[in-house]
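All chains should be modelled from the sequences, with the hints used to inform the complete structure.
Line by line, the protein sequences are chains L and R.
Counting in my numbering, the first sequence runs from 1 upward without gaps.
Counting in my numbering, the second sequence runs from 1 upward without gaps.
Honestly, the hints are just simulated from the structure, not real lab data.
For each residue, glycine too, the CB sits at the ideal point set by N, CA and C.
Simulated restraints on C-beta separations: (1) R:Leu20 <-> L:Asp137: 48 to 54 angstroms; (2) L:Asp21 <-> R:Arg159: 50 to 56 angstroms; (3) L:Glu148 <-> R:Arg134: 24 to 30 angstroms; (4) L:Asp137 <-> R:Arg134: 42 to 48 angstroms; (5) L:Asp257 <-> R:Thr2: 54 to 60 angstroms; (6) L:Gly205 <-> R:Glu83: 51 to 57 angstroms; (7) L:Gly193 <-> R:Thr2: 31 to 37 angstroms; (8) R:Pro148 <-> L:Thr188: 45 to 51 angstroms; (9) L:Asp257 <-> R:Arg134: 34 to 40 angstroms; (10) L:Gln206 <-> R:Gln106: 49 to 55 angstroms.
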Amino acid sequence: MRDFAYARAGTAESAVRTLADPGTSVIAGGTELLNWFRLGIAAADNVVDIGGLDELRGIASDGGDLRIGALATLNEIGEHPLVTQAAGALASACLQAASAQIRNRATIGGNVLQRTRCPYFRAEEPLPWPCNKRDPDSGCTSLAGRHERQAIFGWTQDCVAVQPSDPAVALAMLDAQADVLGPAGPRTIPMRGFHLTQREAADAGQPMRETRLEPGELITGYRLPASVADGQAYVKVRERASYEYAIVSAAASVRLDRGLITTARVALGSVAQRPWPLTLAEAELPGTPLTREALIPVIERAMADAAPLPQNGFKVTMARNAAVRALLVAGGAS
Amino acid sequence: MTLEFTRRVEVTLRLNGRDLTTVVSPRTTLLDWLREDIGLTGAKKGCNEGACGTCTVLVDGRRMNGCLTLVVQCEGRSVTTVEGLAGAGGELHPVQQAFAEFDAFQCGYCTPGQLLSAVACIAEGHAADDASVREWMSGNICRCSAYPQITAAVLAAARKEPGR
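Written out as structure tokens, the structure reads:
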């Protein structure tokens, strides 16, 4: 790891001021940043530590909203009664996100900013193959090589990677807002639009951009609208029973009246470079019985625009099944 | 107020019950510092990326990967390594005793991390049954695959000293 200089921030504002220098990185838990430094994914001259900022800590009920500070760890969120009651899908996503050790360090602020697990991207420098994320305009090795774990929505010829965060999928499903502090002051970013697909980034003229967070901005927390009456679930499909990244995942919340869905929310994970809310299904589900047979065609219609790569057609079926299972579990039907 | 970035940082922490002050380069991980500077080699450097759990230590009682923790992030904290588990007279910690009784290792490389993870797992109240131990100990890989014995040892130690 290359050496860097270090300072502890006394306030969020003082931390943000240091970020005006593009050579400065923020550290909170550090579980991603230290590996970026080791691999050469990121390099910093200065690292500002926000880990001691009490103003970014805490999980509290704030009027009708649930407010989660950026420094809340995945374990704190996963076992906090306010979260397990009002945002069960988020609690479950946090507890399934990593090992117990990592979950004691990793924060919810940093978690959504983790980068893809694409093995071509996660190689140690000097990179032995092209990767547009690591070396712009060099090409995408995964597209011509192995890509069975990659995107089925929103990819381009430049990059086919997926965003691996579990909590981000639950935050998007729950219509959470990220509170952000930047040089111009605070603002909010809806988590349904926080991450960008490669297509969305290219259309905006910045093909390698991954989020709507501007340089120099810091996530300070999240606000979740209360949805206590809804059953929720987070289904993660992976190659091991525990401690593994998702092949696909799905977060769902369901409200029922006499066996029929009245409102439902559902989002897929690890199918694109952002969480993938199935908005068509959310519009169509009210009035649908909570059965596998009734849900499958609704989810299939909402996924009709899936564009799998040659090696990952199975993810379309797997994601459909994860969405159906998440809805069934959320509604208490399985 | 402008923050001052420095390349040498003084850190005061408690290590296995002993207060000490050290000066480190900011990039020094807790794992490297323990092994290279302090000479405590119980925590192992397996993957050095948070995947294997052999570097697990307790920071303020919570288990963490030493390879993903900087010493500068431990200011004012209490760190426990496997060297700090046994009593002053050398009597084994109940979890160590259970690992010995249940033959919960083969090569022993992962054992220091398993022990600290188990101590925390029990204290957290996550050692209720086989399934919960397997889930909450999944961050500690054992390539000899002593998992059944490790699970049995953790459950036995938990029965003697239940957590919260």
